[in-house]
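Each chain, written out:
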Amino acid sequence: MTNTDLSAAPGPGASPPSSRRGARLGRRMRSLGGLLLSLALTLLGLLLVTFIIGRVMPIDPVLKVVGERATQAQYEAARLAMGLDKPLWQQFLVYMGEVLRGDFGRSISTGHPVAQDLRRVFPATFELAALGTLIGVCVGVPLGVVAAARRGGWIDQIARVVALVGYSMPIFWLGLMGLLLFYGILGWVGGPGRQGIVYDGMVPEMTGMILVDSLLAGDWGAFRDAFSHIILPASLLGYFSLAYVSRMTRSFMLEQLSAEYITTARVKGLSERRVVWAHAFRNILVPLITVIALSFGSLLEGSVLTEIVFSWPGLGQYITKALLAADMNAVLGGTVLIGTCFVALNILSDVLYRTLDPRAK
Amino acid sequence: MTPLLSVRDLRVSFPTRSGSFQAVRGVSFDLGRERLGVVGESGSGKSMTGRAILGLVRPPGKVTAERLELDGESILNLPERRMRKLRGARISMVMQDPKFSLNPVMTIGRQIMESYRLHSGQGGQAARDKALDMLRAVQIRDPERVFDAYPHEISGGMGQRAMIAMMLAPDPEILIADEPTSALDVSVRNEVLRIMDKLVRDRGMGLIFISHDLNLVGQFCDRVLIMYAGRVVEELPAHDLHAARHPYTQGLLNSLPRLDQPVERLSTLQRQDSWRDADIATPLPGGL
Ligand SMILES: Nc1ncnc2c1ncn2[C@@H]1O[C@H](COP(=O)(O)OP(=O)(O)O)[C@@H](O)[C@H]1O
Ligand SMILES: [Mg+2]
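Those protein sequences? They're chains F and U, same order as listed.
Counting from 1, one number per residue, gives the positions in the first sequence under my numbering.
Counting from 1, one number per residue, gives the positions in the second sequence under my numbering.
Derived from the structure by calculation, the hints contain no laboratory data.
Ideal Cβ positions, reconstructed from N, Cα and C, are used throughout, including at glycine.
Hints are supplied without guarantee of correctness; some may be wrong.
Derived lysine to any residue pairs resembling SDA-like cross-links, with alpha carbons at most 20 Å apart [stated by the list, open to error]:
| # | chain 1 | residue 1 | chain 2 | residue 2 |
| --- | --- | --- | --- | --- |
| 1 | U | Lys-99 | F | Gly-221 |
| 2 | F | Lys-86 | F | Ile-59 |
| 3 | U | Lys-62 | F | Gly-152 |
| 4 | U | Lys-85 | F | Arg-273 |
| 5 | U | Lys-62 | F | Arg-282 |
| 6 | U | Lys-85 | F | Val-275 |
| 7 | U | Lys-99 | F | Asp-357 |
| 8 | U | Lys-85 | U | Gly-121 |
| 9 | U | Lys-62 | F | Ile-59 |
| 10 | U | Lys-85 | F | Ser-271 |
| 11 | U | Lys-99 | F | Arg-273 |
| 12 | U | Lys-99 | F | His-112 |
| 13 | U | Lys-62 | U | Gly-43 |
| 14 | U | Lys-85 | F | Thr-42 |
| 15 | U | Lys-85 | F | Asp-357 |
| 16 | U | Lys-62 | U | Met-83 |
| 17 | U | Lys-99 | F | Lys-86 |
| 18 | U | Lys-99 | F | Ser-271 |
| 19 | U | Lys-99 | F | Gly-152 |
| 20 | U | Lys-99 | F | Gln-256 |
| 21 | F | Lys-64 | F | His-112 |
| 22 | U | Lys-85 | F | Glu-76 |
| 23 | U | Lys-85 | F | Ile-262 |
| 24 | U | Lys-99 | F | Gly-153 |
| 25 | U | Lys-62 | F | His-112 |
| 26 | U | Lys-99 | U | Val-188 |
| 27 | U | Lys-99 | F | Val-275 |
| 28 | U | Lys-85 | U | Val-188 |
| 29 | U | Lys-198 | U | Ala-229 |
Okay, the calculated beta carbon distance ranges per label pair [as the list claims (entries may be wrong)]:
| # | chain 1 | residue 1 | chain 2 | residue 2 | range |
| --- | --- | --- | --- | --- | --- |
| 30 | U | Asp-133 | F | Ala-360 | 27 to 37 Å |
| 31 | F | Val-94 | U | Glu-144 | 37 to 47 Å |
| 32 | F | Asp-357 | U | Gln-139 | 24 to 34 Å |
| 33 | F | Leu-88 | U | Phe-100 | 55 to 65 Å |
| 34 | U | Gly-32 | F | Gly-34 | 54 to 64 Å |
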């Protein structure tokens, strides 16, 4: 964007403010189109990769269907029925069509359609990751900001240790210790799983996220029970998210606090709180949102260990089990889902970036 | 009559591994309702002097002085809370490059209103009117548009005018202008300076104009301090610049190109170690 000396160009050449805002909007729409195109290509690439993986794996999908003792004729019939005799590009188109319709085939280990399995396990993981990220952000962002504003002070030192521990502590061990202490000894939280036996299947399923569903049903008992089950694993994930988010927040803030416009803000006589929050913090929102989205994405895909320790029936467990059972439909379906989540997070942070940063083209 | 600002033996030091480094080493001057130029090469401590006056030297930097008085009251190392009441309201500063000194994600209008509201206690509408008035005062012809613009949408000259409008909105008594035109296009420099000069004189303010450009300072100031290595080496009225006695000032003058006396080669500045600690060439008025 070129700088125009506004007062130097008044008169007929100058456009009224509304048309300038219109131009801004037009530019944004156009680049939004570009964004959508690149995302479509990303998804296409993802499908291509999962398709190829599905074909090159040394697992014969036909054999998986017809069984080891089928005759040659039965085998051939199944092969034709599955369309495996067609050229690869046709097979890919068929695969794409199926995925777009939400059809990932049947899982050989559960016997259900993969899509149905994913609808069941994904909300569990989503709920856990969302609460974990919420905890990480609510604690990590203020901690990082204060650590930067009082660099070298005691809060900064504490934040450093907290993050270091978060990076280096094995989650398996931390989870077991947490269960032992808060569930086994203190009895403050619910044990493994998402719900106590009493409430199992009692809440009508709407979103699949029990916290949300129990609220929608107005069932406080079920909500409290679900909360007492999720709070420990979510805190654990939240701690890891906090470690990352607070460090990134701190370094973004340090960079902004040394900028000239901060000196300007101080020259004006603003309070330190206003300097830090209204000026510096406002300037880190954009990169911070990317960091938060990344952190959320990594909790979505990477909470396998937590899910195992807490017997959490989520996506991580599902994919791991499928992988061990060579259940390719389930693995690929889960992979496509996680990939789609990352793409969605990308869109979200990009849209927020466009709305929050006036310099965004 | 007490001067607006009185500075005696101002020192700013930073701890280093090998002892402490003094960026300002005993600067003294008085400022009335006048335009005082501060000239010196890069690193001579001009900016640090300005920041020390505003109480903006951050730890571990340390400020000491025999006297640092605003209207007869000491402002040396005031508690932060009291210093904040003075900053912006009574002493203000315009910095070098509006590209960096304006907040990129806040509209110009909001940035101007912010300081005015803080110090005047006025509400939103009054602050908006004041901001538009100030934009007009710095001769911006379409103030409404600039008011709603973000810093990246306006030129450097426009940004610096907005900066001046912002810093003068709460009616301070003293403005420190730290190389306010060094980052601007040559074509708009004089205009911005004239605007600032007019506002400062109309309001009867004291101006400390920091620059490394002796010509500009001679043109826009009443009195000039020449700084070298953290000290004032010479002080003289702007119209007597050609009569400078200190060899450093003479060197500065000789290294300027002149239309009336073209020379083959401009002389380069030769520095001498003795300048660092020698007494100033012209004693301050009042027998300092
Ligand atoms: N935070 C700091 N720590 C140590 N030295 C500094 C710091 N800030 C500035 N200085 C030093 O102080 C001296 C004076 O700087 P400054 O006042 O900015 O010079 P000028 O504005 O005249 O170019 C320079 O030598 C600079 O390196
Ligand atoms: Mg400087």
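So, going through the hints one by one against the coordinates:
Of the supplied pair hints, the one linking U/Lys-99 and F/Gly-221 is violated, its CA atoms being roughly 57 Å apart against a limit of 20 Å. Between the alpha carbons of F/Lys-86 and F/Ile-59 the distance comes to roughly 18 Å, so the proposed pair stays at or under 20 Å and holds. Distance check on the hinted pair: U/Lys-62 and F/Gly-152 sit about 18 Å apart at the alpha-carbon level, within 20 Å; holds. For the hint linking U/Lys-85 to F/Arg-273, the alpha-carbon distance of about 15 Å falls within 20 Å, and the restraint holds.
Using a Cα cut-off of 20 Å, the hinted pair U/Lys-62 and F/Arg-282 is violated, with the two alpha carbons roughly 30 Å apart. A hinted pair counts as satisfied when its Cα atoms are at most 20 Å apart, and U/Lys-85 with F/Val-275 qualifies at roughly 15 Å. For the suggested pair U/Lys-99 and F/Asp-357, the alpha carbons sit about 16 Å apart, so the restraint of at most 20 Å is met. With a CA separation close to 12 Å, the supplied pair U/Lys-85 and U/Gly-121 stays within the 20 Å bound.
At roughly 73 Å between alpha-carbon atoms, U/Lys-62 and F/Ile-59 are farther apart than 20 Å, so this suggested pair is violated. With a CA separation close to 10 Å, the supplied pair U/Lys-85 and F/Ser-271 stays within the 20 Å bound. For a cut-off of 20 Å, the pair hint linking U/Lys-99 to F/Arg-273 is broken: about 24 Å separates their Cα positions. Of the supplied pair hints, the one linking U/Lys-99 and F/His-112 is violated, its CA atoms being roughly 61 Å apart against a limit of 20 Å.
Restraint check: the Cα-Cα separation between U/Lys-62 and U/Gly-43 comes to about 17 Å, which is no more than 20 Å; the hinted pair holds. Of the pairs offered as hints, the one joining U/Lys-85 and F/Thr-42 is violated, with about 55 Å between alpha carbons and a cut-off of 20 Å exceeded. For a cut-off of 20 Å, the pair hint linking U/Lys-85 to F/Asp-357 is broken: about 31 Å separates their Cα positions. Of the pairs offered as hints, the one joining U/Lys-62 and U/Met-83 holds, with about 16 Å between alpha carbons and a cut-off of 20 Å not exceeded.
With a CA separation close to 62 Å, the supplied pair U/Lys-99 and F/Lys-86 exceeds the 20 Å bound. The hinted pair formed by U/Lys-99 and F/Ser-271 fails the criterion: a straight-line CA distance of about 23 Å is larger than 20 Å. The straight-line distance between the Cα atoms of U/Lys-99 and F/Gly-152 is roughly 30 Å, outside the 20 Å bound, and the hint therefore fails. Between U/Lys-99 and F/Gln-256, the direct Cα distance comes to roughly 14 Å. Compliance with the 20 Å bound is thereby established for this hinted pair.
For the hint pairing F/Lys-64 with F/His-112, the CA-to-CA distance comes to about 15 Å; that is within 20 Å, so the pair holds. Taken as a hint, the U/Lys-85 and F/Glu-76 pair is broken in the structure, with Cα atoms around 88 Å apart against an allowance of 20 Å. Taking the CA atoms of U/Lys-85 and F/Ile-262, the gap is near 17 Å; set against the 20 Å cutoff, the hint holds. Of the supplied pair hints, the one linking U/Lys-99 and F/Gly-153 is violated, its CA atoms being roughly 31 Å apart against a limit of 20 Å.
Distance check on the hinted pair: U/Lys-62 and F/His-112 sit about 73 Å apart at the alpha-carbon level, beyond 20 Å; violated. The straight-line distance between the Cα atoms of U/Lys-99 and U/Val-188 is roughly 15 Å, inside the 20 Å bound, and the hint therefore holds. Only pairs whose Cα atoms come within 20 Å are accepted, and U/Lys-99 paired with F/Val-275 is accepted, the gap being roughly 18 Å. This hinted pair does not check out: U/Lys-85 and U/Val-188 have alpha carbons roughly 33 Å apart, beyond 20 Å.
Note on U/Lys-198 and U/Ala-229: the hinted pairing is violated, with a Cα-Cα distance of about 32 Å set against a maximum of 20 Å. Separated by about 32 Å at the C-beta atoms, U/Asp-133 and F/Ala-360 satisfy the suggested range of 27 to 37 Å. Checked against the given bound of 37 to 47 Å, the beta carbons of F/Val-94 and U/Glu-144, roughly 60 Å apart, lie outside it. F/Asp-357 and U/Gln-139 have their C-beta atoms about 30 Å apart, which keeps the hinted 24 to 34 Å range intact.
As the Cβ distance of F/Leu-88 to U/Phe-100 is approximately 56 Å, the hint placing it in 55 to 65 Å holds. Range check, U/Gly-32 to F/Gly-34: Cβ separation about 60 Å, and the 54 to 64 Å hint holds.
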